[in-house]
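With the hints in hand, could you dock these two chains into one complex?
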Amino acid sequence: MDISTSETILYLAAFLFCVGFTVVLTRRNLIMMLLGIELMLNAANLNLIAFGNSSENQFFILFIILVAVCEAAVGIALVLRVYHFYKTSSPDQISDLKERA
Amino acid sequence: MTFVLLAIAMPVISCILCLLIPKRFMWLAPIVSTLLMFVSVIAAAVLYAKGWHVEVTAGIPWFQAGTSVIELNVFVDGLTLPMLSMVILISFLVHLYSVGFMADDQHAGRYFAFLGFFTFSMLGLVVSGNLLLLFCFWELVGFSSYLLIGHWRERPLAGAAATKAFIFNRIGDALFVVGLMITWQFSHTFNIPEIDNGGWISVAGLCFFGGVIGKSAQFPLLTWLPDAMQGPTPVSALIHAATMVAAGVFLILRIPFILVPGTATVMAVTGAITALYGGWKALQEYDLKKILAWSTISQLGFMILAIGAGSEQGAFTHLIAHAFFKACLFLAAGAIIHSLYHVAKHNEFDPQDIRNMGGFYKVTPRLFIATTLAIAAICGLPLFSGFISKEMIIVPMFRRALETGSFISWTYVGVFFVSSMLTVLYSYRLYVNVFFGPRATPYADLTPVPPVMQWPVSLLAILSLWIFFSWNAGGPGEWLAHFKAHPGNISVAQWHVIFPRATIIAWVSFGWTLLSIALGWYLFTYRKTKPRESQFDLDHVYDIAVLTPALRASDSLAKFDKQGIDTGLHLFAYSQVAIAKIASYFDKFVVDGSVSAIAWIARASGNILRHAGGGQVQSYLLWSAVTLIIFIFWILK
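Taken in sequence, the protein lines are chains A and B. Its first residue numbered 1, the first sequence is counted upward by one per residue in the working numbering. Its first residue numbered 1, the second sequence is counted upward by one per residue in the working numbering.
Next up, chain B with everything else stripped away, as it sits in the complex (with noise of 0.2 angstroms):
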């Protein structure tokens, strides 16, 4: 628990750090942030040290509504242990690439503040036990997004890419919401543990599901990420490659009892969707960053698919990997374009834009090595980390095909084969257009790559092997593929025991990947085929679907406001006004009249009698005497 708390605090007091250093001493922030990091990486590896399998939960008390106590409590078990890790191992391999990237930058004190928040955001959000704290680490996370994709503020483009980023999480978020609602109304709790998953759990893993959809950058709100690329490139590998994009995933792990038939499947469609999208979109696209965003999609896709189809433990396996390999192409991306960008600068070309790239493999030999395994690890190749997270996939998800023979399960093992070749290709045609082919840029000219920002990449590379996955280089053993996720799930070593097919499957599955590099070398490298630039474009679809109809809805509601609510408001005024003019005149004259009458009757009555008085000494005496009679007369009577 100490360690956890020590791991999680850690970047907060670098945030804190980053933001006070005065100005003078602001080259002091990255020093700084990266040494406080890396007393969390100590403290995660204290953590594995002492055996993963190990539970904790605590909690205080955070606030009560009504009867109801809501904790601020952490929940680690199998699942957040890796998790956790990987966020903190990468995030500080991030810091340390960033020393060498941000070392021009102005604001460099900004920079690394943010990051500092996003990855304590990042790990409150995967050591939350309660669905609540998750949620507001949930939306820090994206907010800390936010701010670094727009972290070079005076590109306009960054700015439109930060709000859009925000803008299509929050809308997955607002389901988050419901779902929220959902879960309080039928468990009277946000506990993970203790959540109910009896009513109405479809429609609450819906809403949940619509979280991932925005944060995990599923379709159809996908288009945020290639376009968060503006942010700095060590920023897309932490945030919008390894760690926040693979939030959503981990949510859907969180909370695995959403994983009812039909939301699974609706699910299991949503990844097959974007994993076939993302990666077709990426075999058009010629910016290297935006081909990894792309890439990103697909595969983030592809564990959705994982999920949905039945693999958890595959998909979860998957995540990590993902993050190792993605992040080192990311940041190994990072260190060309950050070597291409003083000639480009000088001779106005772009240096994201792999047509401008070309026999790098002699340039930076460690850089080619590291992305050579990345790249070895992303097409699931033997002795890398992805060919045991694909079999991990593909094995229950065969299985599960073979026991139900349905037709759409045999769709999600297609797609499943489909999206593979096509990771397989974009990754091809990226690795030869950069690293092969002729020199577009003469070396003399590159800025070097300094070795803070080589290592990085390379422990990265090396994460991605096989070793750090399973003992077993041909399949799944026993390291972290025995996470629990699923109470009741079939134990991952038994695989190989129960269901014997599961080695025929390994072998098709390579095979299937040799043929895709077959295919790539074929088309990349003997054909020469240039992908069009695609027509077709989600933004263009939102822009047709949901922009134009929400404008024109604006348009006429603004139209209906100005003529039909203000005309009824201006009635409603008048009406007040002439009710206000009756009130007034009745007041003058009736009630201000009553007490006017009153007064005129008192004074005329007091004239009358005045006037009876007259201050004339004869009618004194007449009048005393006739009443005197009067009194005689009533006396004598």
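Chain A extracted, bound-state conformation (with noise of 0.2 angstroms):
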């Protein structure tokens, strides 16, 4: 792969990390933020892919897949256990350990 196309990608890496980063951000929705997280991740794996093309990174890349996939599905049944005792999904809303002000 020659530098140009390694550019691209990085580009396209840095234009994924920066759009989840703005989702886990702005997302008033623990789903969302999570989905935010994916696409962080995914940024990653993008980045690993530009900078070397062989064996060991395509293997590196589909176990850190394997990997996110089981974390997605953990997070995704904590933000279930969240919604179920809090009644919402709001990281804004779950304050319980914050200092009564």
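Worth flagging that the hints you see were computed from the coordinates, not collected in a lab. Careful, some of the hints might be misleading.
Unchecked claim - To give an idea of the chain A side of the interface with chain B (calculated C-beta under 8 angstroms), a few residues:
#1 V24
#2 L25
#3 P91
#4 D92
Positions of the beta carbon are idealized from the N, C-alpha and C atoms, including for glycine.
As structure tokens, this is what we get:
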């Protein structure tokens, strides 16, 4: 893979990271935030591809995607439990650990 | 020394015992105290037998002031010993007399205790070797005089008289204290033989003389003495005739170095005024005891005049002679009043008024004889003590007048003759009114005078004879007249040698006495003059000159206090409160406020920081991202 292609991939990865991060910062919903986190993780995977397309990399990426799926499943399960408990999925309103002002 | 202390200790023991004796055994008090006084008399007799030009000085440290030690010391010399013996002897006789006089008194124990206390104080005064100690006893003497004048405390007049005596004495004693201070300033010692008679001695002398004026009832502090006659008569005899009032004269003789010319003139003039005024008042008085009191004042003035005019030896001899004959007269007067007392109470007349007496020569012959001797002595007839003392006074006075030829010295001589004439006149009037003339009271009604009261009078009358003062009846011999007063004084025995006119003066004096007696006979027996009671009284003068201005001044001071000082105080208080209010506001708002402000700042900043955290996960993330970006830029740059 030549330099220009990997550069393009890096730009795409940066774009994806920024979008994911913006989603995490701005959405008032835990599920959407999890989606943003997935976007950022995939941006990192793209970076890995941009720096070298060998079979080790590809396996490593597949492994990461696998772990990410497990993590997403655990994350969504947690979000569901939180939602059941608090009857909301907005992170701002879940403030039991916060000191009462 | 032992005997001196023994003589002084006996009255103290008597005082303590009399105060301790329980009420049931009160009859013991007079006996015990009289016996103890007799021991004192024996001690004094032993001292005399040892020879009386002995000087005893002894002392133990009393207290320390800075580097100087004040001693409790005794100083007995030729001046002290006759005085000491006189005080002890008269005190003993008065104790003996009081056994009869106070027999019916409820509070005899208290009376004898105070009498003992007085005797102790007086003896202490006589033997003290330093002026501070002397002053302490001087005050104690005044205090016991106060107690004894007020013995009959149920009489309001007695209480008033006691207070008056006390206050008048304090006025003089204030000056005495000033004198002490001046003496200390210039001598740094109170020991009488060591006092430096240099600086300011005339001022110090005048201050001491102020004390003498109070104690010896000199002009102008003399009206307390007639009032003091409210006390029991033996007390009047002992304290207000023989001993305490003579303490002032004794004090001057004790510190003769104060007799510098100016001070001596002041003394002589004061004494002259007192002698004349006392004699004049004695002529107008009708109260037997008050006549004697005014006579005492007059005689004391006479002594002070003699001292001021340069006859210290004469003054001292007159002091002793006067003590005996005046005590005799007082005790005789007390016996007469005592015998009249019950009938007077029954018929409601004054037992002390000489108009209610008369014809007493038949009632109590022994008292009559004794009084005759004493009256002869006070008039200054030959063979009696008064003649000797008077001659010892007039001869040096006359000699000085001849030598200096100054007007004032001749005035002293004139005052001497006038006041001795006054003495003869009032004595004659008293004598004739009491013992002769019509009887005012039936003899059967009189209370008999017990022998225990007659004997002391007789003994004192015998002591008025010449032989106890000088072997030479016509003039000063070698006995008491030879006491040591002024170093450098001429010996008394040498007078007739170096001053031939002395004999002439003695004759002139004798003739003057006879002339006075004749005048007395003419005035009081032949013409039967009744002296008008005088309108002039020093007490009125004091009321107008001292009391009224003092009251007015205190009134205006009270007004000033209320209006001026109190207003100022209130203003001050208000300003204090205002300042306190301001301070409290300052405290509340500035001090507390700054503390609160710090707390508020802490809270506010804490709030700001907390809001920055905010508990919002997304803002945490944002901030950490920003921080990370800043960090990366910082690293990569």
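query = Which of the listed hints are broken here?
reply = none
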